[in-house]
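J.: To get the working numbering, take the position in the sequence shown, counting from 1, and add 149.
Warning: the hint list may mix true and false statements.
Claimed, not checked - Ranges between beta-carbon positions, derived for each pair: (1) Thr177 <-> Lys240: 21 to 31 Å; (2) Lys259 <-> Ala290: 41 to 51 Å; (3) Lys160 <-> Thr217: 13 to 23 Å.
Everything labelled a hint here was simulated from the structure, so no lab data went into it.
Since the model is a prediction, treat every value here as computed from it, not as a measurement.
Virtual Cβ for every residue (Gly too), placed ideally from N, Cα, C.
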Amino acid sequence: MLMIRLQRVGKTKAPTYRVIISEKARDTKGTYLEKLGTFNPHAKENGLLVDAERVKYWLGKGAQASATLHNLFVKTGLVSGAKKKVVFLSKERKVKLGAKDKAKQEADAKAKADAEAKVVAEAEAKAAAKEAAKAEAEAKAAEEKAAAEKPAEEVKAEEVKTETPAVDTAPTETV
150 MLMIRLQRVG KTKAPTYRVI ISEKARDTKG TYLEKLGTFN PHAKENGLLV DAERVKYWLG
210 KGAQASATLH NLFVKTGLVS GAKKKVVFLS KERKVKLGAK DKAKQEADAK AKADAEAKVV
270 AEAEAKAAAK EAAKAEAEAK AAEEKAAAEK PAEEVKAEEV KTETPAVDTA PTETV
């Protein structure tokens, strides 16, 4: 089976790729049938430069593009269709990731519940503080009302008691 795939070339930490067609079983660093273009992942525009006619010719002959190249061809409009999933996960890895996601969801749910409980407790504390302040204000108002309603005679008697000066009855010595 023929595959259209990428062959890495370029410097260390600055890769560029050739778009080649070769047998699927062959190493990409080995011989290839034809070079169809280049791909520079660091280029902001026109990173994929291929001979569109030759790519369509080989695809018409039954060659298949690698998942990465298929996605690049879809992005540039060379091929129509949906993008392919590039990453392959084994069953064991999927199980581990599922367990990890489940544990994360449980932790998030617990944190959310704790946050909600904290908000409810704060709201209850505020309500209790408001009620205590209201009760205190009502008690103060009732006390002021009771003071205002005292009979006038009691008020006068209190005033008389406080206005009389205290007389010193102790004997004085003369020298």
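J.: Confirm or reject each hint.
T.: Each hint tested on the structure:
1. Thr177 <-> Lys240: 21 to 31 Å: holds, 27 Å
2. Lys259 <-> Ala290: 41 to 51 Å: holds, 46 Å
3. Lys160 <-> Thr217: 13 to 23 Å: About 21 Å separates the Cβ atoms of Lys160 and Thr217, which means 13 to 23 Å holds.
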